[in-house]
Amino acid sequence: MDFANFLIQLLNSLQYGLLLFMLAAGLTLIFGIMGVVNLAHGSFYMLGAYLAWALAARFGNLPLAIVVGSALAVGFGWLLEWLLFRHFYHRDHLDQVLLTFGLIYIFEEMRSILWGDDVHAVAVPEAVSGSIALTDNLSYPVYRLVVSAVCIALALGLYGLISRTRLGMKIRAGAFNREMTEALGINIRLIHGVVFALGVALAAIAGMVAAPLSSVYPGMGSSVLIMCFVVVVIGGIGSVRGALVAALLVGLVDTFGKVLLPQIAGMAVYMLMAAVLLYKPEGLFKQ
Amino acid sequence: MSQLLLSARRLTKRFGGLAAVNEVSVDLVRDRIHAVIGPNGAGKSTLTNLLSGDLAPTSGSITLNGVETAGHSPEAISRLGLGRSYQKTNIFLPFTVWDNVRLAAQSRERHAPWNPLRWLQSAASLASVNQRCERAIELAGLAHRAKTVAATISHGEQRQLEVAMTLATEPTVLLLDEPLAGMGQAEAERMVALLLRLKPDHAMMLVEHDMDAVFALADQLTVMVNGQVIASGTPAQVRSDPAVQAAYLGDGHA
Amino acid sequence: MSTAKAQLEQLPRAMQVLLALGALALAAFPLVPLEAADFYLQMLTQMMILAIFAMSLDLLQGVSGMVSLGHAAYFGLAGYALAFLTPADAPIPLWWSLPLAAAGAGLAALVIGFFVVRTHGIYFIMVTMAFAQMVFFLFFDNKALGGSDGLYVNFRPDASALGIDLENKTQFYYLTLALLLGIYLFLRRLLFSPFGRALAGIRVNEHRMRAVGYGSFGHKLTAFTLAGTLAGVAGYLWAAQTGFVNPELMGFHMSAHAIMMVILGGMGNFAGAIVGAFAFEYVMHVFKDLPAIGGFDTGKHWQLWMGAFIVLVVLVAPRGLLGLGEKLLKRRGRASE
Numbered sequence: 001m002d003f004a005n006f007l008i009q010l011l012n013s014l015q016y017g018l019l020l021f022m023l024a025a026g027l028t029l030i031f032g033i034m035g036v037v038n039l040a041h042g043s044f045y046m047l048g049a050y051l052a053w054a055l056a057a058r059f060g061n062l063p064l065a066i067v068v069g070s071a072l073a074v075g076f077g078w079l080l081e082w083l084l085f086r087h088f089y090h091r092d093h094l095d096q097v098l099l100t101f102g103l104i105y106i107f108e109e110m111r112s113i114l115w116g117d118d119v120h121a122v123a124v125p126e127a128v129s130g131s132i133a134l135t136d137n138l139s140y141p142v143y144r145l146v147v148s149a150v151c152i153a154l155a156l157g158l159y160g161l162i163s164r165t166r167l168g169m170k171i172r173a174g175a176f177n178r179e180m181t182e183a184l185g186i187n188i189r190l191i192h193g194v195v196f197a198l199g200v201a202l203a204a205i206a207g208m209v210a211a212p213l214s215s216v217y218p219g220m221g222s223s224v225l226i227m228c229f230v231v232v233v234i235g236g237i238g239s240v241r242g243a244l245v246a247a248l249l250v251g252l253v254d255t256f257g258k259v260l261l262p263q264i265a266g267m268a269v270y271m272l273m274a275a276v277l278l279y280k281p282e283g284l285f286k287q
Numbered sequence: 001m002s003q004l005l006l007s008a009r010r011l012t013k014r015f016g017g018l019a020a021v022n023e024v025s026v027d028l029v030r031d032r033i034h035a036v037i038g039p040n041g042a043g044k045s046t047l048t049n050l051l052s053g054d055l056a057p058t059s060g061s062i063t064l065n066g067v068e069t070a071g072h073s074p075e076a077i078s079r080l081g082l083g084r085s086y087q088k089t090n091i092f093l094p095f096t097v098w099d100n101v102r103l104a105a106q107s108r109e110r111h112a113p114w115n116p117l118r119w120l121q122s123a124a125s126l127a128s129v130n131q132r133c134e135r136a137i138e139l140a141g142l143a144h145r146a147k148t149v150a151a152t153i154s155h156g157e158q159r160q161l162e163v164a165m166t167l168a169t170e171p172t173v174l175l176l177d178e179p180l181a182g183m184g185q186a187e188a189e190r191m192v193a194l195l196l197r198l199k200p201d202h203a204m205m206l207v208e209h210d211m212d213a214v215f216a217l218a219d220q221l222t223v224m225v226n227g228q229v230i231a232s233g234t235p236a237q238v239r240s241d242p243a244v245q246a247a248y249l250g251d252g253h254a
Numbered sequence: 001m002s003t004a005k006a007q008l009e010q011l012p013r014a015m016q017v018l019l020a021l022g023a024l025a026l027a028a029f030p031l032v033p034l035e036a037a038d039f040y041l042q043m044l045t046q047m048m049i050l051a052i053f054a055m056s057l058d059l060l061q062g063v064s065g066m067v068s069l070g071h072a073a074y075f076g077l078a079g080y081a082l083a084f085l086t087p088a089d090a091p092i093p094l095w096w097s098l099p100l101a102a103a104g105a106g107l108a109a110l111v112i113g114f115f116v117v118r119t120h121g122i123y124f125i126m127v128t129m130a131f132a133q134m135v136f137f138l139f140f141d142n143k144a145l146g147g148s149d150g151l152y153v154n155f156r157p158d159a160s161a162l163g164i165d166l167e168n169k170t171q172f173y174y175l176t177l178a179l180l181l182g183i184y185l186f187l188r189r190l191l192f193s194p195f196g197r198a199l200a201g202i203r204v205n206e207h208r209m210r211a212v213g214y215g216s217f218g219h220k221l222t223a224f225t226l227a228g229t230l231a232g233v234a235g236y237l238w239a240a241q242t243g244f245v246n247p248e249l250m251g252f253h254m255s256a257h258a259i260m261m262v263i264l265g266g267m268g269n270f271a272g273a274i275v276g277a278f279a280f281e282y283v284m285h286v287f288k289d290l291p292a293i294g295g296f297d298t299g300k301h302w303q304l305w306m307g308a309f310i311v312l313v314v315l316v317a318p319r320g321l322l323g324l325g326e327k328l329l330k331r332r333g334r335a336s337e
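From first to last, the protein sequence lines are chains A, B and C.
Under the working numbering, the very last position in the first sequence is 287; numbers go up by exactly one each time.
Under the working numbering, the very last position in the second sequence is 254; numbers go up by exactly one each time.
Under the working numbering, the very last position in the third sequence is 337; numbers go up by exactly one each time.
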């Protein structure tokens, strides 16, 4: 593999890893702070993608669609937490698994009713539809770099929120000791609503930005969910830093695995997970 | 037959920079009750966890019935003859008292789980298990509650069940973590009587806050503060030790 | 992990009677002259196969407290084993191919279990799912293993050594029924054996079990392997009956269905798994066959109703149908005093 190809695969790994991080961060936060396992997390990704497609078709403008879609996603997440999830924080994991199964079905059908079952392409916005030349005959799509940049920006924003703001401090306190946080007069319900809405929004935005790259299809939720779980397992539940490291690792292993060893391509990531589990059954950065 | 059943030397457990247990040594001898006392956060629970295998020490050694056990798993240490009861009642709440103790007694059957014989026998018909179970329940004074679900018995009875389960594995060394916690006068007296009945056959370590019970029961006393042993000896010696009086038995601490 | 539920292990007398009647009804069913008898025979055979699959999961989930999202991997693997073992020109004998396929599934469970059983709670749920997906992709991505299209099972196995012709739907039905009952009785026996009691103890309080000397890893791995083996029996039967295997048999949806069947029926006593399998399939068929209401294709969107139904069950009947039944019987018992 020459350098230009290597660079392309590296950039692909980065972009894939960062997208996975957006999903894994939400999942790991929601589980770490509220103790809820959410199998429908992949559905938010899928719904985001379809929403982006539908709104972009209506506005003729993808960035605007993403902004509007993000706002809708936040609202949807908030509503979902308020109506349903908050009643399940103290329930068995099994009950949560079941509830979120049911939700997967419901979300699939919702999408089918609203937008149908077809596969759709979403156009890359004009402004970023070009390519950057790497060598005489190899170039890299600008949009992929844009996706990575958006993910990095959101990751930094998340880091800033959690480490540098009062809200973030309350979130960390709530994760550490819920009763104490409540006793200190902090509105833990609000925190939970915020965290959940944030998680949903991150997943949906990931779907929205990724839509032009992977096209929009019904099964996209479940395929990304598995990877997301693998990332959270490797990184350690509750650790956003772990999710980042694990996501980048998964991105690298998956991308280079597919290129270098196509026969075991699909399995490479799972072998990574198995290896991690042997040494650290609770993930690399378990709190 | 050796009377020194458990010997811990210079046990240390660090969590990050903090030494929860710092160079602690303890000897447990048959027919002796060794009480460990100290304020909250002194490291008594950590010490108990180190001895029972729930935690692995950062350094130091533990010899149980002649075998080096530092860092071994709880099940391995239990099989070597150590029994441990918990401060926070750690029983099988949905099962009856009998089933709770029976399960503990069954652990001493030597078959591997993948042995198909173990899948086809009836657990309730194992004679040696039932005998062990009955003995432990009698000792703990719970025979009249055998068929009651553990979740429905009183707190004091649950503490008795704690002890019964610990006895059902027929250990030689007993680690008892606050067996009197939350008990009323009558229940506490019963528990003290039970502990004295157990004494001749076991080496016992008792972690307790109830000072009356400690001074009534203990042959040997170790005082821990901030992870370290500040005094060790007979109750009389410890009582008169100025360091102990200052740190613990003095004003404010009960 | 989660709070240990008290499972319904000893079924009330009335319920035992009802279940026995159900078994009799199943045994008598082929003798009833019915239109489209073949169709119903096949449908019931499939339900019974799924009931075996559900019971194998109940051993893991209901008894041992291990929620596996990847149990279908072993179901599918045994089915594929039959497909691979059957040559293009002749059937293979049942008497060795069934145990072999089940053992193969069990071996896979042992290997995967070695990695997976050391995890707990939510990790366990996620890694079981991940490993099952790995198996799924192994078959999906490889043409040599059939790829996304799957494989045909060229011939139904030859059970002439047992005096059974599996091409005959009624005889296949009775073979499945016999296996269903046999496995049920075996698992009931296991439930009250020393091993079964140890598993229940591990479910309720693993920490204390270790403290009194049980090697919980060994016990859980054994349960995981045995459950995988029994799932393999079901998978073999499924492949033999449908004549076709594809990666979906090992997929997430299949595993999810199994969990829902076990929950729906009531966990921890194996009878619930059987009831749940039948009820789940029945409800799914009802939803799929719903007539269109005013232009809205209700049946096509059966997943919506299924999803809502599942949410309802979680909220209203967390101990499943048998749990509900037990509550009703208790209330009636009290009222008549």
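Hints may be right or wrong, so weigh each one.
[To be verified] Below are the PhoX-like pairs computed for lysine-lysine, each with C-alpha atoms no more than 25 Å apart in a straight line: (1) Lys-258/A - Lys-330/C; (2) Lys-288/C - Lys-300/C; (3) Lys-330/C - Lys-147/B; (4) Lys-286/A - Lys-170/A; (5) Lys-147/B - Lys-88/B; (6) Lys-199/B - Lys-88/B; (7) Lys-327/C - Lys-147/B.
[As the list claims (entries may be wrong)] Some chain C residues judged to face chain A by a derived CB distance under 7 Å, without partners named: (8) Glu-9; (9) Phe-115; (10) Val-127; (11) Met-134; (12) Lys-143; (13) Ile-263; (14) Val-314; (15) Ala-317.
[As the list claims (entries may be wrong)] Across the chosen pairs, the derived CB separations fall in these ranges: (16) Arg-241/A - Ala-144/C: 36 to 46 Å; (17) Glu-109/B - Tyr-279/A: 47 to 57 Å; (18) Asn-187/A - Leu-185/C: 53 to 63 Å; (19) Arg-14/B - Tyr-89/A: 33 to 43 Å; (20) Leu-184/A - Thr-234/B: 38 to 48 Å; (21) Pro-218/A - Ala-88/C: 30 to 40 Å; (22) His-120/C - Asn-187/A: 14 to 24 Å; (23) Arg-14/B - Ala-144/C: 19 to 29 Å; (24) Ala-143/B - His-120/C: 31 to 41 Å; (25) Gly-71/B - Tyr-217/A: 17 to 27 Å; (26) Leu-18/B - Gly-160/A: 27 to 37 Å; (27) Arg-164/A - His-120/C: 40 to 50 Å; (28) Gln-10/C - Gly-219/A: 37 to 47 Å.
Derived from the structure by calculation, the hints contain no laboratory data.
Heads up, the beta-carbon is just placed ideally off N, CA and C, and yes, glycines get one too.
Tested hints:
Distance check on the hinted pair: Lys-258/A and Lys-330/C sit about 59 Å apart at the alpha-carbon level, beyond 25 Å; violated. About 6 Å separates the Cα atoms of Lys-288/C and Lys-300/C, which keeps this hinted pair within 25 Å; it holds. At roughly 20 Å between alpha-carbon atoms, Lys-330/C and Lys-147/B fall within 25 Å of each other, so this suggested pair holds. A distance of roughly 20 Å separates the Cα atoms of Lys-286/A and Lys-170/A; the hinted pair therefore holds under the 25 Å criterion.
For the hint pairing Lys-147/B with Lys-88/B, the CA-to-CA distance comes to about 23 Å; that is within 25 Å, so the pair holds. Distance check on the hinted pair: Lys-199/B and Lys-88/B sit about 23 Å apart at the alpha-carbon level, within 25 Å; holds. About 22 Å separates the Cα atoms of Lys-327/C and Lys-147/B, which keeps this hinted pair within 25 Å; it holds. For Glu-9/C, the shortest C-beta to C-beta distance to chain A is roughly 17 Å, which exceeds 7 Å, and the interface hint is violated.
The beta carbon of Phe-115/C comes within 5 Å of a beta carbon in chain A, closer than 7 Å, and the hint placing it at the interface holds. Restraint check, Val-127/C versus chain A: the minimum CB separation of about 6 Å is within 7 Å; hint holds. Interface restraint check: Met-134/C against chain A, minimum CB-CB distance 4 Å, threshold 7 Å, status holds. For the restraint placing Lys-143/C at the interface with chain A, the shortest Cβ-Cβ distance is roughly 11 Å, beyond the 7 Å limit, so the hint is violated.
A least Cβ separation of about 6 Å between Ile-263/C and chain A falls short of the 7 Å threshold, and the interface hint therefore holds. The restraint placing Val-314/C at the interface with chain A holds, with a minimum CB-CB distance near 5 Å, inside the 7 Å limit. Nearest Cβ of chain A to the Cβ of Ala-317/C: about 11 Å, over the 7 Å cut. The hint is violated. The hinted range of 36 to 46 Å is satisfied by Arg-241/A and Ala-144/C, whose Cβ atoms lie roughly 41 Å apart.
With their beta carbons about 33 Å apart, Glu-109/B and Tyr-279/A fall outside the hinted range of 47 to 57 Å. Our hint of 53 to 63 Å for Asn-187/A and Leu-185/C holds, since their Cβ atoms are close to 55 Å apart. Separated by about 34 Å at the C-beta atoms, Arg-14/B and Tyr-89/A satisfy the suggested range of 33 to 43 Å. Checked against the given bound of 38 to 48 Å, the beta carbons of Leu-184/A and Thr-234/B, roughly 46 Å apart, stay inside it.
The hinted window of 30 to 40 Å between Pro-218/A and Ala-88/C holds, with their beta carbons roughly 36 Å apart. In this structure the hint that His-120/C and Asn-187/A lie 14 to 24 Å apart at CB is violated, the actual value being about 32 Å. Remark: the range hint 19 to 29 Å for Arg-14/B to Ala-144/C is contradicted by a beta-carbon distance near 54 Å. Take Ala-143/B and His-120/C: their Cβ atoms lie about 36 Å apart, and the range 31 to 41 Å holds.
Checking the proposed 17 to 27 Å range against Gly-71/B and Tyr-217/A shows it is violated: the Cβ atoms sit about 52 Å from each other. For the pair Leu-18/B and Gly-160/A, the beta carbons lie near 30 Å from each other, so the given range of 27 to 37 Å is met. Separated by about 33 Å at the C-beta atoms, Arg-164/A and His-120/C break the suggested range of 40 to 50 Å. Distance hint check: the CB atoms of Gln-10/C and Gly-219/A are about 44 Å apart, consistent with the given range 37 to 47 Å.
Hint check: violations occur at hints 1, 8, 12, 15, 17, 22, 23, 25 and 27; the rest are consistent with the structure.
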